[in-house]
Amino acid sequence: MQITVLFFGPLAEISGLDQIQVPDVSDTSTLTGYLLGAYPLLKSQSWKLAVNKELCPANRDLQDGDIVALLAPFAGG
Amino acid sequence: MQITVLFFGPLAEISGLDQIQVPDVSDTSTLTGYLLGAYPLLKSQSWKLAVNKELCPANRDLQDGDIVALLAPFAGG
Amino acid sequence: MNSKKEKKHTVLVEGPISPLFIADSISKHSTKTDIGAHAIFLGQVRSDRIGDKKVKSILYSAYQEMAELEFHKIREHAFDRFQLTCMHLYHSLGEVKAGEISLFVFVSSIHRADAFTACRELVDEIKLKVPIWGKEMLDDGSFVWKANNITTFENDHP
Amino acid sequence: MNSKKEKKHTVLVEGPISPLFIADSISKHSTKTDIGAHAIFLGQVRSDRIGDKKVKSILYSAYQEMAELEFHKIREHAFDRFQLTCMHLYHSLGEVKAGEISLFVFVSSIHRADAFTACRELVDEIKLKVPIWGKEMLDDGSFVWKANNITTFENDHP
Chain A
1 MQITVLFFGP LAEISGLDQI QVPDVSDTST LTGYLLGAYP LLKSQSWKLA VNKELCPANR
61 DLQDGDIVAL LAPFAGG
Chain B
1 MQITVLFFGP LAEISGLDQI QVPDVSDTST LTGYLLGAYP LLKSQSWKLA VNKELCPANR
61 DLQDGDIVAL LAPFAGG
Chain C
1 MNSKKEKKHT VLVEGPISPL FIADSISKHS TKTDIGAHAI FLGQVRSDRI GDKKVKSILY
61 SAYQEMAELE FHKIREHAFD RFQLTCMHLY HSLGEVKAGE ISLFVFVSSI HRADAFTACR
121 ELVDEIKLKV PIWGKEMLDD GSFVWKANNI TTFENDHP
Chain D
1 MNSKKEKKHT VLVEGPISPL FIADSISKHS TKTDIGAHAI FLGQVRSDRI GDKKVKSILY
61 SAYQEMAELE FHKIREHAFD RFQLTCMHLY HSLGEVKAGE ISLFVFVSSI HRADAFTACR
121 ELVDEIKLKV PIWGKEMLDD GSFVWKANNI TTFENDHP
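Chains as they are written, first to last, in my numbering: chain A, 1 to 77; chain B, 1 to 77; chain C, 1 to 158; chain D, 1 to 158.
Each hint should be verified, as a subset may be incorrect.
[To be verified] In silico BS3-like pairs for lysine-lysine, Cα to Cα no more than 27 Å straight-line:
| no. | chain 1 | residue 1 | chain 2 | residue 2 |
| --- | --- | --- | --- | --- |
| 1 | D | Lys135 | D | Lys73 |
| 2 | D | Lys32 | C | Lys135 |
| 3 | C | Lys135 | D | Lys28 |
| 4 | D | Lys129 | A | Lys53 |
[Said to hold, decoys possible] Which stretches of chain A does chain D cover? Using the computed rule of at least three CB atoms under 8 Å from a CB of chain D, they are:
| no. | region |
| --- | --- |
| 5 | 8 to 20 |
| 6 | 39 to 50 |
| 7 | 65 to 73 |
Hints were generated in silico from the structure; no laboratory data involved. From the three backbone atoms N, C-alpha and C, an ideal C-beta is built for every residue, glycine too.
Construct all of the structure, not just a fragment, from the sequences and the given hints.
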């Protein structure tokens with residue numbers, strides 16, 4: 001099982017990468033825990049998760065091939 | 001004493017003139033009575049008076065040199 | 001009272017308002033870098049059906065001196081109520097064909113709420129208060145007089 | 001569902017939106033003679049002061065696939081709620097300098113109420129829902145990240 005995690009805007013500066021692969025995470029809570037461990041600076045930022053281009057307001061199961069994006073507050077307009 | 005009466009848009013078609021001079025009318029009610037007598041087709045129209053470029057919602061006295069305009073419903077925009 | 005309010009503004013223009021004129025107006029604001037939001041309204045002449053006929057154009061006329069005064073009051077009233085950086089108002093006189101633009105309201109502000117609210121209220125006030133008339137020319141050569149707000153005029157002979 | 005909704009629309013464009021592009025968009029509507037009202041919103045980059053520095057430009061980036069999906073949903077949602085003839089949405093990516101335009105929302109309807117309300121709500125929704133980020137480049141070479149709606153993101157790690 002493999003999850004792709006995308007970083008954008010200010011969060012890509014924290015991770016230093018546009019995307020990473022994370023194996024064996026069964027749900028978004030587990031993934032969030034993993035990311036906060038790997039990139040502690042994420043703790044000081046505001047962000048949301050999107051799973052397959054849909055905002056994910058609560059914990060949900062992940063499946064092989066899911067694409068998860070970390071989204072900082074938007075600034076369009 | 002002389003009042004200038006201006007006709008615009010659909011009302012100028014009724015009067016056949018852009019403006020007339022009316023002597024010896026002391027107030028707008030008297031003037032309205034005169035105009036309805038002179039141009040009976042005005043009775044079938046909706047319109048307001050403006051005195052010296054200000055709408056005139058109630059009867060008011062007129063003075064020599066006043067300019068009174070007959071205004072059909074507006075259609076700007 | 002600031003200087004923006006006191007300038008003499010041309011509002012009534014002959015013929016339709018062209019998209020290039022609008023582009024030029026927008027361009028002129030690129031040096032005003034405190035502006036964050038522009039709200040624009042364009043009134044376009046519709047080819048309405050009237051019975052079995054269609055509107056080809058509108059011939060606009062105005063009581064020009066009063067119209068200019070009313071535009072000025074509407075302008076001041078908006079500057080008093082909203083935080084605006086600029087305001088430009090243009091209305092056509094003469095012939096404007098179906099599909100062409102006869103009203104251009106252009107309001108700019110730091111934040112969008114002021115521009116949006118002012119723009120909408122300006123259009124309402126212009127339609128309600130400015131003595132402009134429109135003769136709708138139909139495709140058979142006849143015409144009808146347009147009216148925005150007939151109810152406020154009904155049986156109102158003073 | 002009508003065909004207007006189903007067309008594929010380009011929304012994200014490289015660099016600033018030029019006044020001539022806006023003029024061209026407006027021109028294209030002159031053949032649609034059922035339109036009576038166009039409401040346009042333009043977002044212009046402000047040269048805000050940040051401490052003792054000033055914003056020179058914004059570098060916009062996006063999660064493009066999700067941004068396009070969100071624009072599509074926002075578009076459908078507006079067509080469902082308002083009586084609209086046309087809708088055009090454009091947002092810049094890349095560098096947009098202070099005084100230049102980064103957002104162009106253009107809505108047309110028979111009567112003005114629909115265009116006005118839709119235009120305003122579209123801008124609100126775009127700012128709230130579309131994953132676009134803006135790096136404000138300051139005049140000393142440093143930068144800050146812009147945020148429209150930080151409160152809806154606060155402590156939201158799921």
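Subject >> Enumerated hints in conflict with the structure, sorted upward >> reply: No numbers; nothing is violated.
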